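Read top to bottom, the protein sequences are chains A and B.
Just so you know, the first sequence maps onto residues 254 to 428 in our numbering.
Just so you know, the second sequence maps onto residues 60 to 185 in our numbering.
Worth flagging that the hints you see were computed from the coordinates, not collected in a lab.
Wrong hints could be hidden among the right ones.
The list that follows gives simulated cross-link-like pairs (lysine to any residue, SDA-like), each with its CA atoms no further than 20 Å apart [claimed, not checked]: (1) A:K340 x B:D95; (2) B:K159 x A:K340; (3) B:K94 x A:L343.
Covered, in the sense of this in silico footprint (three residues per stretch, anywhere, with C-beta under 8 Å from a C-beta of chain B), are these stretches of chain A [as the list claims (entries may be wrong)]: (4) 300-311; (5) 362-370; (6) 381-389.
Just so it is clear, the structure is predicted and the values come from calculations on it, not from any experiment.
Think of the CB as a built atom: it goes at the ideal place given N, C-alpha and C, for glycine as much as any other residue.
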Amino acid sequence: MPPVEAQVRATKDRKAAPDFSLKDENGKTVKLSDYRGKVVLLNFWATWCGPCKVEIPWFIEFEQQYKDKGFAVLGVAMDDEGWQAVKPYLTERKVNYRILLGDDSVTQLYGGVDSLPTTFVIDKDGRIASAHVGLVGKNEYAGEIQALLKGGQETAAAGRGPLSSADSLLASAAK
Amino acid sequence: MLPAEALTAHRGATLAQRLTVTVKPGYHVNSDRPKDEYIIPLKLTWTSGPLDAKTTVYPKAEEIQVNGQALTVFTGTFPIQTEFQVEPNATPGTVTVNGKLKYQACNNEMCLRPVTIDIPLQVTIQ
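Taking the hints into account, I'd like the entire structure generated from these sequences.
Below you can see the structure in the form of structure tokens.
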């Protein structure tokens, strides 16, 4: 994989990722804060979302590659039909990371999440290091994950541009 | 989207109503018959009443490739036509027939969550 510049924001500029509780496919309640101490890729998606479908194999690979290094992918499915639609999809695509069933109370915490995919990369301290609305390159995610696992956040943040749409939404929701 | 125009119909007659839909540039909506079972199709439905929706005709879908996926979609402005049958013993007067249009839109990078909008259609039965 070619090297890429990680686009995570500086530690001082990161806001806390809002905590939430949702159920996984086994009915177990999972909180985002359960993942404190890990780098988390929090991905809002749906089975009907084409661009989301493109990203899923990448996330499967990231889960395999970085799971033992303090990383986890957490998918939040936004299908109105619930597990009836989501479970077969997960089986077909051999999804190896945890999926939760989302609801509007959680998306409101993250600025509404009107578009999918919307993805937040969260550092080990539970703060949002980057936010992406729409399809993003695999290498960009890999670079961000690697930077956060190394803990080299300040250096990696050097190239950060203006706030993305997801950042702006989150900022609005926090007011 | 253009609102459905008020119509006049005779008892026992058939009438066609055309709904004109415009999709924002850069976006597409899934066709009424998507290739992938998980994709949410465009669907116009009408509640039953003195007018019975017999058939709904969608235009021919475009076939496009997005991120390596083959999709059948509608873009730009397109019509959806419904043919109604007015009950022979319908009471004369003005009635509202309620339609619902469900659609789900995407561009090449992202998708919007599915939306259902109400389509009220006023019909004067003579």
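Do the hints match the structure? See the list:
The straight-line distance between the Cα atoms of A:K340 and B:D95 is roughly 16 Å, inside the 20 Å bound, and the hint therefore holds. Restraint check for B:K159 and A:K340: not satisfied, since their Cα atoms lie roughly 28 Å apart, outside the 20 Å limit. The straight-line distance between the Cα atoms of B:K94 and A:L343 is roughly 19 Å, inside the 20 Å bound, and the hint therefore holds. Chain B is given as covering the region 300-311 of chain A, and this holds because 8 residues of the stretch bring a CB closer than 8 Å to a CB of that chain, at least three being needed.
With 4 residues having a Cβ less than 8 Å from any Cβ of chain B, the region 362-370 of chain A passes the three-residue criterion, so the hint holds. Evaluation of the coverage hint for the region 381-389 of chain A: fulfilled, as 3 residues show C-beta separations to chain B shorter than 8 Å, against a requirement of three.
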